[in-house]
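Dock chains Z, P and F against chain Y, hints included.
Chains Y, Z, P and F are the protein sequences, given in the same order. Every position in the first sequence, counted from 1, becomes a number in the numbering used here once 699 is added. Every position in the second sequence, counted from 1, becomes a number in the numbering used here once 699 is added. Every position in the third sequence, counted from 1, becomes a number in the numbering used here once 699 is added. Every position in the fourth sequence, counted from 1, becomes a number in the numbering used here once 699 is added.
Note that these hints are calculated values from the structure, not bench results. It is possible that part of the hints are untrue.
Stated by the list, open to error - List of simulated lysine-lysine pairs, DSBU-like, C-alpha gap at most 30 Å:
(1) F/Lys943 <-> F/Lys757
(2) Z/Lys757 <-> Y/Lys757
(3) P/Lys757 <-> F/Lys757
(4) F/Lys858 <-> F/Lys943
(5) P/Lys943 <-> P/Lys858
To be verified - Only part of the chain F face toward chain Y is listed, based on derived beta-carbon distances under 8 Å:
(6) Ser763
(7) Thr779
(8) Asn786
(9) His788
(10) Ser790
(11) Pro794
(12) Gly795
(13) Thr798
(14) Ser848
(15) Thr852
(16) Ser853
Stated by the list, open to error - Chain Z is faced by these chain Y residues, among others (derived, beta-carbon under 7 Å):
(17) Gln729
(18) Thr732
(19) Gly768
(20) Glu812
(21) Ser815
The structure displayed is predicted, hence computed values, not measured ones. Backbone N, C-alpha and C define an ideal beta-carbon position, used for all residues, glycine too.
Single-letter residue listing:
Number of protein chains: 4
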Amino acid sequence: MTQKRALSIHPAARFGLVLLAVLAPLAAGQTPTGPEWWPSEWGADDERGAANRLTPAKVLEAVSLIEEGRIYELGRAYETGMPLFGNRHFSLTIPGLPTTDLGAENGVVFNDEMLSAEIGQVGTQFDGLGHLGTEVHGEHVFYNGFELSDFGTSYGLEKLGVENVGAIFTRGVLVDVARYKGVERLDPTYVITIDDIEGALDMAGVAIREGDAVLFHTGWGQLWMVDNETYGASEPGPGITAIKWLAEQGIVMTGADNYAVEAVPGENPERPIEGHQWLLNRHGIYNLENLDLSELAAERVYEFAFVFAPLKLKGATGSPGNPIAVR
Amino acid sequence: MTQKRALSIHPAARFGLVLLAVLAPLAAGQTPTGPEWWPSEWGADDERGAANRLTPAKVLEAVSLIEEGRIYELGRAYETGMPLFGNRHFSLTIPGLPTTDLGAENGVVFNDEMLSAEIGQVGTQFDGLGHLGTEVHGEHVFYNGFELSDFGTSYGLEKLGVENVGAIFTRGVLVDVARYKGVERLDPTYVITIDDIEGALDMAGVAIREGDAVLFHTGWGQLWMVDNETYGASEPGPGITAIKWLAEQGIVMTGADNYAVEAVPGENPERPIEGHQWLLNRHGIYNLENLDLSELAAERVYEFAFVFAPLKLKGATGSPGNPIAVR
Amino acid sequence: MTQKRALSIHPAARFGLVLLAVLAPLAAGQTPTGPEWWPSEWGADDERGAANRLTPAKVLEAVSLIEEGRIYELGRAYETGMPLFGNRHFSLTIPGLPTTDLGAENGVVFNDEMLSAEIGQVGTQFDGLGHLGTEVHGEHVFYNGFELSDFGTSYGLEKLGVENVGAIFTRGVLVDVARYKGVERLDPTYVITIDDIEGALDMAGVAIREGDAVLFHTGWGQLWMVDNETYGASEPGPGITAIKWLAEQGIVMTGADNYAVEAVPGENPERPIEGHQWLLNRHGIYNLENLDLSELAAERVYEFAFVFAPLKLKGATGSPGNPIAVR
Amino acid sequence: MTQKRALSIHPAARFGLVLLAVLAPLAAGQTPTGPEWWPSEWGADDERGAANRLTPAKVLEAVSLIEEGRIYELGRAYETGMPLFGNRHFSLTIPGLPTTDLGAENGVVFNDEMLSAEIGQVGTQFDGLGHLGTEVHGEHVFYNGFELSDFGTSYGLEKLGVENVGAIFTRGVLVDVARYKGVERLDPTYVITIDDIEGALDMAGVAIREGDAVLFHTGWGQLWMVDNETYGASEPGPGITAIKWLAEQGIVMTGADNYAVEAVPGENPERPIEGHQWLLNRHGIYNLENLDLSELAAERVYEFAFVFAPLKLKGATGSPGNPIAVR
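If we strip away everything but chain Y, and leave its shape as in the complex, we get (with noise of 0.2 Å):
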């Protein structure tokens, strides 16, 4: 995401959002984003959102996809260099070289790697649900209607923390817009429309079903550690409109080889991220950022066994992780 700063709003902002509060006051049952979107579907109590369309027999349809055993890593390396937003950090260290040595007749000695980041939020990562929220009435509402002032402990959500997301082994499906589109890498504020999806699937000759997984390929990854600064200034994806649309399909996730997976301005600048509340506020449905799906693209699978458990990190707004493809 763009701009990320600790500092909520600017003063003059605030004295507009004070306006705005004071003139235009959210009617009982609105949101920022529309009507109140709880209790959820699965129940006052889910914590798990789109997962619990996660079945066996969903697991089954996926299986059936592998026919080659050719597995895809779609994860990126975490790395010093690698491109981080707003004040995210990355250091990595190891201790001692070696870290301990036994001194033992077997000569055994060995090395840990001292990790400092913010680990579900910089490089390969998975939104879950207790990382995004939408202010209401003066409250941080997440998934279901939980508020961050109930769950939220400084050492960890005690609610829609990432452990609880479980296992995807599902079908995922490519849409490669911008081999539909007929270009290497879209350009940099582009904002997919439905017609794209829905182009970029008829040229795959695959639809998107309930239960999946859709990952969208935009080229924008190409300046990976190549170019950092622009990868970070804005990227091609879908709009808040085909991010609603998408919502409808009932899939589990999205993700794409850009930092957002949603376009950022997008459709409205004014409302920025506005992808992210749909999808994990209102639907539950997770997101997979800065993947690399340069191998998919390349050999065109548009279809596949998708496979990532995210980290039990207990609490956590989400996880990093080395997602694969398997076909």
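Chains Z, P and F only, in chain Y's frame:
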């Protein structure tokens, strides 16, 4: 592993080692664990070890075991209070709650998680080939004869980093020695023998094949977060004799519901963690530790597709993970 | 402080508070600790509190006490195994050993230390004015009425950061209540009274003056790294009554050889750490915790130059330190 | 220091070093910087080096310089965006905002700061004797001949840790070479000579005495947070010739408004940071880097009490700090 200390050696022991070095130097071609083990069977440049046994055919073999579409998560939650060895630590905090408020009209806010931990060596952990080595003639020698002084840097390993492993999608076998021995949990220092393994396999009606991931159910995992002190003080597991036999089977990986797979203190307390040397250094065979195998054992699932893709932490010694078994 | 929990409130307690809020709201101008305490005596914009009492004249007064040139270090070593409260941690590692080898002809190598810790709130720690606040009408209100929702960001405080304090070079006074009471160590929950303070001062033949740093020797520090559990379970120290009296003296800072200066649980267990609120929130008076006062006490040094310059950690809530007494 | 790399040596350079080792081995008793420098003048066990010159008499000498009670803080703010060398990082976050809410009737809440950084080697930093060493006959040799392989552990140094230094309360001298040369800021690679130092001291009417802390004003600090790239690319400072002269004066410490005190690249680019070796290894003289000396220089304060007590970070290579000058 127990009693990990940064201090390599007690001063008195140092003196002893010096004496040893003076009086009984290793013969050329000899190491503290036997003859030199390099170059590897996959060539003098290989960094992947037994992962080379993972082939499309092996993926298809694993896929053929998926009949129900049932997934078992084998990874434990990473959380404060979990057993940690030596000086390792785990700290996860959520800055800000929310971490960022964009102050936009759509009211979007989001959270990050700040993690500090020896991430590849806490909780469920996968030992890469850069984790463990053997002191040979004053050099710390790892898989394929690579010397730490050549490939180790303060900011990550330049060889044998866990990013080289790739996804492990293979046949998994559960060796339930606890059940075979008719106990809920093996004794604290029980050394699993070749006979035990063969007996447990016979009981299960399965055999180990080349390229398999072999998981041991010892029952020791019942102590996790219940009695951490006992959990870390020792552990039942295969001894060096059984590990040598395992290596001969050409497997890709061992795993267990304990913290080091192999028995601690093992067959010879003077040679701690010698099984790691045999597997990682000599054979490029990986270890996966602190697994939760209780469900697999309870449901008597002895043969399954095993899927785990280590995080591509560049230059890291290991990876956290949430491996899955699918049948 | 004891029982620090990230969970703000037990659900049942929350309900109680809601009831309380409904039935007995705080009157306008009232806070849970008495009348509103803002604006401060140093103006509505002030961020330094009692540090404003530090003047060149006070420096010269302190200097006049230096007759021998003898220095006492009051800071404890920061090390693994020291008492830590709540979820706080401390991890220090040396990457690489050496961290860097420049490979130049002069053979220069060097080491760094990688630290991860709640650095201003572990070990010897100085509480800045942004460390502690009071919930008033739903806002977290700090010194001078500043509200956390206005000045707090995920990456540091925009007001009251410890970088504002400046160097503390002032007269120090040791109040040795342990010796005054004729014990080596005060009882675990002993509440120091005004009489105790006046008695100890009389015994020492010194008086407290405006701008002083007042250090309490309770003997509790004898438990540091010896019996951490007891050390953290409670502590002797001044109660809220004595703290109010201290604040009236116009001091700059309190300090003690315990973890929170004030008695825990204190005069009213329902009002934990109330002395902090009185000092930090209402009077801008600082606390310095986990000091080693054993030498000062043993040598009966009751009046001295006290010198401590907090690290200018921008936006931090506190600072580690190694304060000194000089006579 | 420039071009810090985790990779010790470029492969080509390695080869060169091997050749060097073959063709021109160091003679016994020789090191890459001259004859062996151990045992130290304070005995073969000494770990404090020039800090041994700090005596009560020296404290009183410093105190005698305090006439006005005016304090100058010489430490810079530690903050995101400050210059960092090599792979070092700095991350400070506030968990929770507030971090903890005790849920008590007095409404007390508090914040911690979570820090991750190479804390003794970022921002204003004090180099302890365990920071830097010299490769001699394959060993990394530090002050007093201590070898890193003996005293270094992954979790801190067992000798020469910064906790041994103790408080530095001594006479400080400012050598304002920028003013002496009539410039606002010395040229990027200017090497300060003995004549420059003597000229600047004459201008100031002060002399260096044994036990002093000698601070260099180069004007380079004007670039801090203004042009970090230039700040880190090189720096003016004393060359090895001037540093040898400084060491002869029996001082305790050097300091400067640049990142390494000494000139970079210095008199011989093939021998980077050689002044550190001369000071730290051979003479136990400390360095204090990234100081803010602008006020001292502007007010032409050339002689003062200098006070700095390093954090007692056990086994650390250095310490952050906020040193002060008082006059």
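Verification of the hints:
no.	hint	in the structure
1	F/Lys943 <-> F/Lys757	holds (23 Å)
2	Z/Lys757 <-> Y/Lys757	holds (22 Å)
3	P/Lys757 <-> F/Lys757	holds (22 Å)
4	F/Lys858 <-> F/Lys943	holds (25 Å)
5	P/Lys943 <-> P/Lys858	holds (25 Å)
6	Ser763	violated (46 Å)
7	Thr779	holds (6 Å)
8	Asn786	holds (6 Å)
9	His788	holds (5 Å)
10	Ser790	holds (5 Å)
11	Pro794	holds (4 Å)
12	Gly795	holds (3 Å)
13	Thr798	holds (5 Å)
14	Ser848	violated (10 Å)
15	Thr852	holds (7 Å)
16	Ser853	holds (3 Å)
17	Gln729	violated (11 Å)
18	Thr732	holds (6 Å)
19	Gly768	holds (3 Å)
20	Glu812	holds (5 Å)
21	Ser815	holds (5 Å)
In summary, the numbered hints that this structure violates are 6, 14 and 17.
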